[in-house]
Amino acid sequence: MSELTRLPAIELQGLLNAGEVSAQEVTQAHLNRIAEVEDSVRAFLHVSENALADAKSIDARRAAGESLPATAGLPIAVKDVLCTTDMPTTAGSKILEGWIPPYDATVVTKYRAAGMVALGKTNMDEFAMGSSTEHSGYQRTANPWDLERIPGGSGGGSAAAVSAFEAPFALGSDTGGSIRQPAAVTGTVGFKPTYGGVSRYGVIALASSLDQVGPVARSVIDTALLHDAISGHDPHDSTSIASPWPSMLDAAVTAAAAPDLTGVKLGRVLQLDTEGFQPGVRQRFHQLLELASAHGAEIIDIDAPHFDYAVSAYYLILPAEASSNLAKYDSVRFGLRVTPENGQVTVEDVMAATREAGFGDEVKRRIILGTYALSAGYYDAYYGKAQKVRTLIQQDFTKAFAQVDALITPTAPTTAFRFGEQLDDPLTMWANDMTTIPANLAGVPGLALPMGLAPEDGLPVGAQLMAPVYEDQRLFRIGAALEALIVARDGHHVSALVPEPGQPRGAVG
Amino acid sequence: MSDITSEQVRHLANLARIALTDEEVQRLTGELGAIVAAVEKVGEVATPDVEPTSHPVPLGNVFRPDVVGDTLTTDQAMAGAPDRDDSRFRVTAILGEEQ
Numbered sequence: 000m001s002e003l004t005r006l007p008a009i010e011l012q013g014l015l016n017a018g019e020v021s022a023q024e025v026t027q028a029h030l031n032r033i034a035e036v037e038d039s040v041r042a043f044l045h046v047s048e049n050a051l052a053d054a055k056s057i058d059a060r061r062a063a064g065e066s067l068p069a070t071a072g073l074p075i076a077v078k079d080v081l082c083t084t085d086m087p088t089t090a091g092s093k094i095l096e097g098w099i100p101p102y103d104a105t106v107v108t109k110y111r112a113a114g115m116v117a118l119g120k121t122n123m124d125e126f127a128m129g130s131s132t133e134h135s136g137y138q139r140t141a142n143p144w145d146l147e148r149i150p151g152g153s154g155g156g157s158a159a160a161v162s163a164f165e166a167p168f169a170l171g172s173d174t175g176g177s178i179r180q181p182a183a184v185t186g187t188v189g190f191k192p193t194y195g196g197v198s199r200y201g202v203i204a205l206a207s208s209l210d211q212v213g214p215v216a217r218s219v220i221d222t223a224l225l226h227d228a229i230s231g232h233d234p235h236d237s238t239s240i241a242s243p244w245p246s247m248l249d250a251a252v253t254a255a256a257a258p259d260l261t262g263v264k265l266g267r268v269l270q271l272d273t274e275g276f277q278p279g280v281r282q283r284f285h286q287l288l289e290l291a292s293a294h295g296a297e298i299i300d301i302d303a304p305h306f307d308y309a310v311s312a313y314y315l316i317l318p319a320e321a322s323s324n325l326a327k328y329d330s331v332r333f334g335l336r337v338t339p340e341n342g343q344v345t346v347e348d349v350m351a352a353t354r355e356a357g358f359g360d361e362v363k364r365r366i367i368l369g370t371y372a373l374s375a376g377y378y379d380a381y382y383g384k385a386q387k388v389r390t391l392i393q394q395d396f397t398k399a400f401a402q403v404d405a406l407i408t409p410t411a412p413t414t415a416f417r418f419g420e421q422l423d424d425p426l427t428m429w430a431n432d433m434t435t436i437p438a439n440l441a442g443v444p445g446l447a448l449p450m451g452l453a454p455e456d457g458l459p460v461g462a463q464l465m466a467p468v469y470e471d472q473r474l475f476r477i478g479a480a481l482e483a484l485i486v487a488r489d490g491h492h493v494s495a496l497v498p499e500p501g502q503p504r505g506a507v508g
Numbered sequence: 000m001s002d003i004t005s006e007q008v009r010h011l012a013n014l015a016r017i018a019l020t021d022e023e024v025q026r027l028t029g030e031l032g033a034i035v036a037a038v039e040k041v042g043e044v045a046t047p048d049v050e051p052t053s054h055p056v057p058l059g060n061v062f063r064p065d066v067v068g069d070t071l072t073t074d075q076a077m078a079g080a081p082d083r084d085d086s087r088f089r090v091t092a093i094l095g096e097e098q
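As given, the protein sequences belong to chains A and B, one line each in that order.
The first sequence begins at 0 in numbering that gives the first Met the number 0 and counts up one residue at a time.
The second sequence begins at 0 in numbering that gives the first Met the number 0 and counts up one residue at a time.
Hints in this document: simulated from the structure, not taken from any laboratory.
Since the model is a prediction, treat every value here as computed from it, not as a measurement.
Don't take each hint at face value.
To be verified - Simulated coverage check for chain B against chain A, where a stretch passes if three residues somewhere in it have a Cβ under 8 Å from a Cβ of chain A:
| id | region |
| --- | --- |
| 1 | 6-15 |
| 2 | 18-24 |
| 3 | 30-41 |
| 4 | 52-63 |
| 5 | 70-80 |
| 6 | 85-94 |
Said to hold, decoys possible - Restricting the straight-line Cα-Cα distance to at most 27 Å, the calculated cross-link-like pairs of lysine-lysine (BS3-like) are:
| id | chain 1 | residue 1 | chain 2 | residue 2 |
| --- | --- | --- | --- | --- |
| 7 | A | Lys398 | A | Lys264 |
| 8 | A | Lys109 | B | Lys40 |
| 9 | A | Lys93 | A | Lys55 |
| 10 | B | Lys40 | A | Lys264 |
As the list claims (entries may be wrong) - Far from chain B by the CB rule (all over 10 Å, computed), these chain A residues:
| id | residue |
| --- | --- |
| 11 | Ile9 |
| 12 | Ser66 |
| 13 | Ala69 |
| 14 | Thr238 |
| 15 | Asp272 |
| 16 | Pro278 |
| 17 | His285 |
| 18 | Asp348 |
| 19 | Gln386 |
| 20 | Gln393 |
| 21 | Glu455 |
We put the beta carbon where it would ideally sit given N, CA and C, even for glycine.
Looking at chain B on its own, in the form it has when it is part of the complex:
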């Protein structure tokens, strides 16, 4: 049985960039503990001699001629941006005061 702490959930939320509320952290702490305990079942059969599979069907690299394909225009690519400055996405400052 894994014991997930609220401290861990806060850390995960920070890594995942989700500003969870305290109430959400508490709820997810309990849920995550139960979920992890359930999915740990994979350890029963996933022995060292078994090779992992990442993809269901064998895939190889795909190459194409090095020529410009059908791409979006700048305006098309920018069309859904919440904020823009001409051809650039505009965002809030990337560094805080203490940085």
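Isolated chain A (complex conformation):
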């Protein structure tokens, strides 16, 4: 493995700008790494044929004296939920196999403008429905820490690619935890911004009142670096926030340089630190609270009683919105068309046959559930009540943030589980997101960072920080400080401990 693939993006950026490495060298190193490990990790649905040419063009422009953004030449992996005119875009679904969108997502336009080089499109649960990436219509992505285990979902491809050093950072999308939960189980960092912080134009929609795009990386600083490149107002997205954002990178770099939490009030959510969580997750979580406390933070217990209803509300709201959003896959304008062969058929028969053939089990399950929740006579009982729970959860957050600066929880209740373990049990699978869903329902930002390895299985465990809406920068300040304190305590970052694919994990001390 080339050393270049192990470097943080912030260091690669320094080398690129100093002319010590070329964009081609950096890109080639990552393409080599992809070739080396993809047989076992399978994080990518598509590896770009243009990556080297794109990198060469950056080098040529830099050599010609053109003033380029500092980020020019940094490679990036792109979740397949984002529309790209130069790569197929499928959202992990067979119904969009081979589809080349006619326009770029705004986030894609932004990384191009930042001079970043796309390495490829990463695997995901079909239409981002899942917590294990096993619901991809194409392939199973392995967790680099243990090839028999899931990389989380829906953004398992982006998290696995970053964890296995196939890319320094990647883009994800988070509707109920699809950035943060994969980060937790792969020992990486993931950020779900405030709702509206990043444009969703050209992002294949799952549930529009919940979806948000964000960055995935191996450190809080690199996550901030990518976030600064993609965030901001977009006239193409009427839900994007118009006011400008402060630099997350500056906040993270400053906080990491002198990590101190004096005066910071962190709220431990009682509902998200219970007997139901894996013992090793709780142990590392409590050690993290002690560490924060030792460096000045005040830990305050927070009661958020309605968080216990978040998963139920979410699995009414999400399927309802998804059943509507996915109506566009109708065999008419793009994607698959399957025409039944028996007798005279109408366009409705074609639609039904196409959707039967093109959608996987989980997508069908959620569309049928959503159709039920929205149907006449049931709307008030289900969707209407779920929207009320949303209000109650927001009120829990408001009360909490009157007492504390940020909430802190484990990012996921367990470490990575084995393939197939929960595949036939949707309710168990859905419960994996109990920690992450409240942030989506309330629109608040959430930052997931590794906090160690679980002693019982040697797998990564993550901590999640949440702040009030618009206070994204606060999370990068606290998160970068916590990360620096963890590294100082352990002597390494969790992400550095990942074994080479297929090799055994080291023992946990």
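Dock chain B against chain A, hints included.
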């Protein structure tokens, strides 16, 4: 406990335009019953006095000048169509014989 019938699932599949197989209908009938029973939990706290929330962050209408923006060309918009006739999407008959 809700009791979802296979008849209901067939009806929902028809509304959602998914030609489920009999095996899928049977499986989904059981799953949907269990799921609905679980998510009904929202009724415990969603009392009449609570206002519903549709969006996480308050949003207002967004207006822009009434001028042509950056739009797709016809060919770009048609590029992914499974079947087309010049500038139109071509589909199977919209009416059956009995209609």
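Please list, smallest to largest, the hint numbers that this structure does not respect. 8, 9, 10, 14, 18, 19 and 20
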